[in-house]
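Chains as they are written, first to last, in the working numbering: chain A, 1 to 70; chain B, 71 to 427.
Calculated from the structure, these hints are not laboratory results. Among the hints, a few may not be true.
Just so you have them, the derived chain A footprint on chain B, three or more residues with Cβ under 8 Å [unchecked claim]: (1) 347 to 355; (2) 383 to 396; (3) 417 to 427.
List time: in silico SDA-like cross-link candidates among lysine to any residue, alpha-carbon distance up to 25 Å [as the list claims (entries may be wrong)]: (4) A:K51 to B:L76; (5) A:K17 to A:P38; (6) A:K51 to B:H381; (7) A:K17 to A:K51; (8) A:K17 to B:V331.
Bear in mind that the values here come from a model prediction, so they are computed numbers and not experimental data. For each residue, glycine too, the CB sits at the ideal point set by N, CA and C.
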Amino acid sequence: MIELDCRGQKCPLPVIKLAQNIGKVGVGDVVRVLADDPAAANDIPAWCRMKHQEYLGSPTENAFEVRRLS
Amino acid sequence: MAREALLAALADGWADPARLYSAGRRAQQLSEAARAAFAEVLGVRDDEVSFWPSGTAAAQAAVLGALAGRTRRGDTLVHSAIEHSAVLHAAARGKAVEVGVDRLGRLDLEAWERAVAAPRVAAASLISASHEVGTVQPVAVAAGYCDEAGVPLFVDAAQSVGRVDVPPGWSLLSASAHKWGGPPGVGVLVVRKGVRWISPYPQDDLYRPGAPGSADLPALVAAAASLRAVRTEARSEAVRLSALVERIRERVPATVPDVEVVGDPEQRLPHLVTFSCLYVDGEALLHALDRAGFAVSSGSSCTASTLRPSHVLEAMGVLSHGNVRVSLHRDTTEADVDRFLAVLPGLVAGIRREAGM
Numbered sequence: 001m002i003e004l005d006c007r008g009q010k011c012p013l014p015v016i017k018l019a020q021n022i023g024k025v026g027v028g029d030v031v032r033v034l035a036d037d038p039a040a041a042n043d044i045p046a047w048c049r050m051k052h053q054e055y056l057g058s059p060t061e062n063a064f065e066v067r068r069l070s
Numbered sequence: 071m072a073r074e075a076l077l078a079a080l081a082d083g084w085a086d087p088a089r090l091y092s093a094g095r096r097a098q099q100l101s102e103a104a105r106a107a108f109a110e111v112l113g114v115r116d117d118e119v120s121f122w123p124s125g126t127a128a129a130q131a132a133v134l135g136a137l138a139g140r141t142r143r144g145d146t147l148v149h150s151a152i153e154h155s156a157v158l159h160a161a162a163r164g165k166a167v168e169v170g171v172d173r174l175g176r177l178d179l180e181a182w183e184r185a186v187a188a189p190r191v192a193a194a195s196l197i198s199a200s201h202e203v204g205t206v207q208p209v210a211v212a213a214g215y216c217d218e219a220g221v222p223l224f225v226d227a228a229q230s231v232g233r234v235d236v237p238p239g240w241s242l243l244s245a246s247a248h249k250w251g252g253p254p255g256v257g258v259l260v261v262r263k264g265v266r267w268i269s270p271y272p273q274d275d276l277y278r279p280g281a282p283g284s285a286d287l288p289a290l291v292a293a294a295a296s297l298r299a300v301r302t303e304a305r306s307e308a309v310r311l312s313a314l315v316e317r318i319r320e321r322v323p324a325t326v327p328d329v330e331v332v333g334d335p336e337q338r339l340p341h342l343v344t345f346s347c348l349y350v351d352g353e354a355l356l357h358a359l360d361r362a363g364f365a366v367s368s369g370s371s372c373t374a375s376t377l378r379p380s381h382v383l384e385a386m387g388v389l390s391h392g393n394v395r396v397s398l399h400r401d402t403t404e405a406d407v408d409r410f411l412a413v414l415p416g417l418v419a420g421i422r423r424e425a426g427m
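Input sequences plus hints: build the corresponding full structure.
Pasting the structure below:
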């Protein structure tokens, strides 16, 4: 798993970072995004749906986990 | 049309309609004629119509007045998650239960039926069609559930009046003149006979169910004239604009990668279309479109005064950044839409390139 610290960044930056780094983990592995922009909680799951990746949920406040599917 | 009516009414409608001198009586006649025009278009009685300083004021008076009229029955407002923020702010005054929508922005009718049938519900509020994504709501069915539960339904019809018919069954309805091309500063509230409504504001000496103080009569006359005018062409305009919206809905995803067109593709307003572009800053896209001569809106957080994403996009679970809302009007031509479709892909690509995508 890799962790991307996007705290303090406004959307769409956390989603851009996620898209740029998802290829750095293997298929089946997880990327954790730390983001405190209020849009992240909405836009990270929406990105997963649009790009066919799996949104795993938010384990803690301002943290979002995504599993690479392809 | 609205402009001519406004100028004519400025000459004749300056006087206080409550006064007995002849100028006052003429003003009273103008006021009554405007009221009758609204009543006719909305299919209600003249005395069910009241005028407010804005659509926002009318919607908030509807919610607060309906709740105040039913305090013995309950204290809870049931509302959809996609109401206009004016209604949500009014709802925040007391107890409220929110009913969600699906990915297309359609009300969850099963949850609505359960919510309005619960104890202590005083009133319910449903927007006729989403002002952000255009999805038309199942007002008739929702009204049926309210009727079964004995709960008055308020419909915020700001997006629909003058463009599309609102199904019957509601108890209160509000509209806003500048949404149908009339002057700003005119809100309309209809409270059906037999619906208990108590003004949330202190009243004036004249008892009348409405906003206290004098209405802007010239604006009212202009609003009535413009409503009559848009109604006569509403059907042909709906067909024309709906086809242009269809073109945008089809061409944008075909020419711009990673775009989500949001809202119901069929049960939608004729003139409004919304889409979100991945990796795009909504504010940057708004300014780029503005420089290209297009005035559009956005539900992205970076464009909002609250710096939060649109509660409507959140409730639907659709992408909120890179969001663009295009509203077409009677002066929008096919050539305008084609030029918009021609410039959009390059603008989006430019913003993505700058962001490193």
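Here's how the hints hold up against the structure:
no.: 1; hint: 347 to 355; in the structure: holds (count 4)
no.: 2; hint: 383 to 396; in the structure: holds (count 8)
no.: 3; hint: 417 to 427; in the structure: holds (count 3)
no.: 4; hint: A:K51 to B:L76; in the structure: 52 Å, violated
no.: 5; hint: A:K17 to A:P38; in the structure: 16 Å, holds
no.: 6; hint: A:K51 to B:H381; in the structure: 23 Å, holds
no.: 7; hint: A:K17 to A:K51; in the structure: 14 Å, holds
no.: 8; hint: A:K17 to B:V331; in the structure: 23 Å, holds
Figure legend: structure checked against the earlier numbered hints; the only hint not met is number 4.
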